[in-house]
Amino acid sequence: MAMHAVPFHWRRYKERYQLLGTKCENCGTMFFPVRKICPKCRREGKPSTVKLSGRGKVHSFTVIRTPPDGFEVFAPYVIGVIELDEGPKLTSQIVDCSLDEVNIGMPVEVCFRKLRTLGKDGIICYGFKFRPADNSWKPESEKRAQGS
Amino acid sequence: MSKLATNTKKRDVAIVGVGSTPIGEHWDKGLRELTWDASIAAVEDAKIRGKDLELIIVGNMSGGMFVGQEHVAALVADFLGLKPTPAVRVEAACASGGVALRQGYLAVASGLYDLVAVGGVEKMTDVQAGWATSILTGAMDFEWEAYFGTTFPGIYALMARRYMHQYGLTREKLAEVAVKNHYHGSSNPLAHFQNRIKVEDVLNSSLVADPLRLYDCSPISDGGACVILAPAEKAKQYTETPIIIEASTQASDTLSLFEREDICTLDATVEAAKQAYSRAKISPKDVDIIEVHDCFTIAEILALEDLGFCKKGEAAKFYEGEQTYVGGTLPVNTDGGLKASGHPVGATGIKQVIEIVKQLRGEAEGARQVKGAEIGLAQNVGGSGATVVVTILRRR
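If you're matching them up, the sequences are chains W and L in order.
Using my numbering, read the first sequence as starting at 1 and increasing by one per residue.
Using my numbering, read the second sequence as starting at 1001 and increasing by one per residue.
Since the hints were made in silico from the structure, they are not lab data.
No experiment lies behind these values; they were computed from the predicted model shown.
Any given hint could turn out to be false.
The calculated EDC-like cross-link candidates involving lysine to aspartate or glutamate, where the alpha carbons are at most 16 Å apart (straight line), are [claimed, not checked]:
#	chain 1	residue 1	chain 2	residue 2
1	L	Lys1083	L	Asp1126
2	W	Lys40	L	Glu1261
3	L	Lys1371	L	Asp1288
4	L	Lys1051	L	Asp1078
5	L	Lys1274	L	Asp1286
6	W	Lys14	L	Asp1078
Chain L stretches covered by chain W per the calculated footprint, using a threshold of three residues with CB under 8 Å from any CB of chain W [unchecked claim]:
#	region
7	1030–1039
8	1150–1157
9	1190–1199
10	1247–1258
Glycine included, C-beta positions come from ideal geometry on N, C-alpha and C.
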């Protein structure tokens, strides 16, 4: 992708490193990523920045086998939509498990990782990824199979 | 309901000429030649001269990233020899063509312009496939999706996986979408792929982003497409079969997929369709033929539901037998769709509308003409659904 200079990566570091979101103090809705306005309350809303728990479950997932530039070393890798305990969803890699361990509903927690190295300047991008949070968890289908 | 649906139009708008390049890999043609081929065909079809045009609108997603060329509208006006005619470029990712058409429609409907050329063009094969994949990630939320390694097939795979989980859609049934679109593409001489395939071919093709395989994905294509718009009351000057734009509506949604309440519904499609049916005073059952944005097979399934042809979770039933084939009860993507006819992103929205125009005129080539088609609908999607344009066309 485009060769962005350092500030492009730097200005988001708090959000990407600490998993910051927005809570509208007027209606209570949580958002990720940070928003300047609550789309529901508009001017009446009171958006404030909050740190999200980083715990949630897999809402959907895929295995990326044809990666974009810069992600070749990770491929194949799992990308998931994670539904956080507080409500908002986000997109993240799911790591520290084999490709076939990931399933919809699996509990996951945030971890801090290198995302990639960019171009000949070698800018290292860091941010969140998610990993399994409960090793004893099994998907519904497997539980049923074991029970029968 | 927005004001748009109820406001009275200044005047009706007709499509009086269409032209398209073959879609595919044009090693011998750049942006300007593709534009030339499509627009000269449209101008000849409308039996006008280029100098009659008062405004040029061009849909183009990323000339800058694909070939290093921005300022695409000026390039088009210049290469067509049409200076000083004003030219405007419209960008809305894969919906660039659809949004361009809507801007042309507004220009003519407003009464400010009579003859407007609306084109779409994309030159995608001058870069390697990995780079093209990276460029296309610009259509999603770059900082919160692409930055973490998501690709476009990945985004639609997330929808597909969730949909299969929630509604029990089988992998085999999903493959039927590609099989049908290749079948239609086989009678479209302009299609990128004109070969027929079987369900096994889809299931045996390589995995791109599980559960989506290569044959679930539309290709990277070069191509250009162009239509000529005129006020409906003057349309008969140019053609015996003017096709009226009964509605051209557009809606927005979150840029990222993950912020949607339901990742298996394109709310922007639902909203744009609702407005379009209201404006055209029809319901889905009145539509004879549809072109939907099947950038991936799952997108066609979602589109049929979001456009109101069935309830959420039920679209698979249309793939029992040959209902979505020409001759069936609901012919879908008779040109082969994005899957087989190709997906030159900036041109796609125009190309879809051209297929409907050909069908309504009774001029579709080969065996793909739908008999007696009178009303057609096209759905053009940008990104994962942050922009959707719905166009309803009618033969009068």
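Review point. Can you name, in rising order, the numbers of the hints this structure does not satisfy?
Key: Of the numbered hints given earlier, those the structure breaks are 1, 6, 7 and 9, listed in rising order.
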